Amino acid sequence: MLESRPEILSLIETSQEYGWVLEPDAKRVFSLAGLEVPRFTVAKTLDEAILFAQATGYPVVAKVVSPRIVHKSDVGGVVAGIPDDKHLSEVFRRFQVMDGFLGVLVEEMVPGIELIAGAKIDLQFGPMILLGMGGTGVEIYRDVCLKMAPLAARDVEGMITGLKAHKLLEGYRGAEPVSKEKLTETLISFSSLVMALEDRIESIDINPLFCSSSRCVAADARIMLKKRA
Amino acid sequence: MDLKPLFEPQSMAVFGVSSSNDRHPANEIFNKNRLRYPVRVYGVNPRGGTLNGETIYRGISEIPEQVDLAVIAVRADLVPEVLSGCIEAQARCAAIISGGFKEVGRQDLQDRITDMAREAALPFVGPNCLGIYVPSHVDTFFLPSERMVKPLIGNVSFVSQSGGILVDHLIKFAQEGIGLSKAVSIGNKALIGELDLLAFLSDDPATRVIAFYVEGFGRNEGREFVLKAGACGKPVIVLKSGKSPGGSRAVSSHTASLAGDYASFSAALSQYGIVEAKNDLELVSFCESLSAYPKPIEGRVGIVSVSGGHGAMAVDACALQGIQVPTLTESVQEQLRKGLNPSAQGIASLTNPIDLTGSGVDDDFVNTAKTLFSLDEIDCVLALLLPYIPGITSDLGAKLSSVAKQYGKPLIAYVPRVDKYDMLIEGLELNGSPVSPSIEGAVLMVEALRRNRPC
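Protein sequences, first through last, are from chains A and B. Last residue of the first sequence: 229 (our numbering), numbering continuous. Last residue of the second sequence: 455 (our numbering), numbering continuous.
Next comes chain A alone, as it looks inside the complex (with noise of 0.2 Å):
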């Protein structure tokens, strides 16, 4: 059982009025876990957002808190890669007058290749993790691979060569491989996170997951509550 179990379930208490998890409480249940996050910071104005970009560092990104969007990047509530103040200063500005906005989340941009990972509980075999190469293409070529959790580390491996991309992971044309090890970690750890959260969660979104030889990175976070009765 995870230690950090109490103060995760009073993230998640927190939550229950919206049906999910906002991104900012999400990464901070996945860091209790002992997930990777980037670094980030949840700006209401735009100098704190500038403040902790330029202490960042260049490029950063920007995604809109709001309880009443699920689904950012379909409102335009996600942009990647911005270069400078004054870009920032746009996109901020653009955010701020989205429906139901709390804020801006700020981010460093995280190197590696994207995957997904992600859980569901269902109905007749529990928990259940996904591995896959994550992107906007996910749902197009479905290469994922799928295990009830627990996970152990024999899972995860299997998992891994699962995968008809596995070998973009094993450093194709000369690129860095992906760290096996920091993969797998990462795994476990989402799947106990995942064991201990399975009566209050209906599935769990780590799209993209961005691992590199040397990190893996959990880069968005949707968790989706379930109703309660």
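Think of the hints as simulated: they come from the structure by calculation, not from any bench. Worth double-checking, as some hints may not be accurate.
[Stated by the list, open to error] Listed below are the simulated BS3-like cross-link pairs for lysine-lysine, each with C-alpha atoms no more than 27 Å apart in a straight line:
1) B:Lys420 with B:Lys172
2) A:Lys164 with B:Lys278
3) B:Lys420 with B:Lys150
4) A:Lys226 with B:Lys243
5) B:Lys278 with B:Lys295
6) A:Lys164 with A:Lys182
7) B:Lys243 with B:Lys172
8) B:Lys228 with B:Lys278
9) B:Lys243 with A:Lys164
10) B:Lys243 with B:Lys228
11) B:Lys338 with B:Lys150
12) B:Lys240 with A:Lys164
Only a predicted model underlies this, so the values are computations on that prediction, with no experimental measurement involved.
Take the given structure of chain A and dock chain B to it, following the hints.
What follows is chain B alone, placed relative to chain A:
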């Protein structure tokens, strides 16, 4: 829950027999067990009377001994009363054949009988099922005997949510020489379900392979099933229907969309080494090969035939499944060549697949098989036997089987299935080497051995 009396009853009561309507399903069940099975059978109907000269009892309390198996084939609304009589008379098991429960919206009636039975610890299969068929023990199927096709007695047990699918597979088992241990139709599975039968059959010495036809599991029941099936020590095969999603549901995440019900089902099965059959051809092939060889292989196949075309087709089918067909070294090829008769020696192709050509004779197969079985890089031999080639005799089946037994590795054969080749086929099958009537089926038999392990 002791299920033994369900499969090997000494005494049996059939509820619903009719002295006026001989076409009543209960009459068929009564008659076939009375005539052909080692069980004492009692017909029950409150109206009494006689059936074929036998007394019909007015109630279970009149039967002079404890009833092991109560077969209930009365109208749905009469089932609670009959069941209550069975509980009072301490019947040990029941099969409720009657329909008219959950499947027609009468969940309440089904819950009522299930609660009664659970409280009284009276296990039953059904309702809305055919019940149990155990060769030489009991048959509660209401199908006239002359219409049923019965496989040989063997070590495969089959549990099915659908009676029709079950009976169909008995025909296929009979055709393919697959031996049956127990067949169970569980219908609405109100009380006894897949999990109970998995537990029973895991401990059943007469069962070596357990096959299931599943439409769906209840909440978290699938999880328990794969965990137990994966650890039961016997090959478990599952054929699932209802794979396509029923209508489009709004899904709120990529994961929920990518990990649909069937995708999760299939993934959970393979994670625990449970063999999923995608269709009936696979199910039959898997049952046959796993009943002969319950141990998993990695899937490195040596293929031997007297026809280049058959070898090539088999290689293609192997490639499709991901089964390896390793290339043989020069020295192995040399060794193989030495074992052949002079007329085949010069023309045989000895890479893998091996083509002994039309000049091949029995001994060429035997010697080739011996060499292949002795190689570490080969863990299974696929023999494509064409009995119309003059050098092949009816004895080849038994000879090859005997080689396989010596080396302890699986031999799987393809032989065209016609009556005149029966002795060759039986020489293989009766000696524990599975035979398929198609190349694809033979390759699926290899695949079954490979899938029979967690991945």
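Going down the list of hints, with the structure as the test:
Of the supplied pair hints, the one linking B:Lys420 and B:Lys172 holds, its CA atoms being roughly 20 Å apart against a limit of 27 Å. Of the supplied pair hints, the one linking A:Lys164 and B:Lys278 holds, its CA atoms being roughly 21 Å apart against a limit of 27 Å. For the hint linking B:Lys420 to B:Lys150, the alpha-carbon distance of about 22 Å falls within 27 Å, and the restraint holds. Among the hinted pairs, A:Lys226 with B:Lys243 is consistent with the structure: their alpha-carbon atoms are about 25 Å apart, no more than 27 Å.
For the suggested pair B:Lys278 and B:Lys295, the alpha carbons sit about 21 Å apart, so the restraint of at most 27 Å is met. Distance check on the hinted pair: A:Lys164 and A:Lys182 sit about 20 Å apart at the alpha-carbon level, within 27 Å; holds. For the suggested pair B:Lys243 and B:Lys172, the alpha carbons sit about 23 Å apart, so the restraint of at most 27 Å is met. Taking the CA atoms of B:Lys228 and B:Lys278, the gap is near 21 Å; set against the 27 Å cutoff, the hint holds.
The suggested pairing of B:Lys243 with A:Lys164 holds, with an alpha-carbon distance near 22 Å, which does not exceed 27 Å. This hinted pair checks out: B:Lys243 and B:Lys228 have alpha carbons roughly 23 Å apart, not beyond 27 Å. Only pairs whose Cα atoms come within 27 Å are accepted, and B:Lys338 paired with B:Lys150 is rejected, the gap being roughly 46 Å. For the given pair, B:Lys240 sits about 25 Å from A:Lys164 by alpha-carbon distance, which is consistent with the 27 Å threshold.
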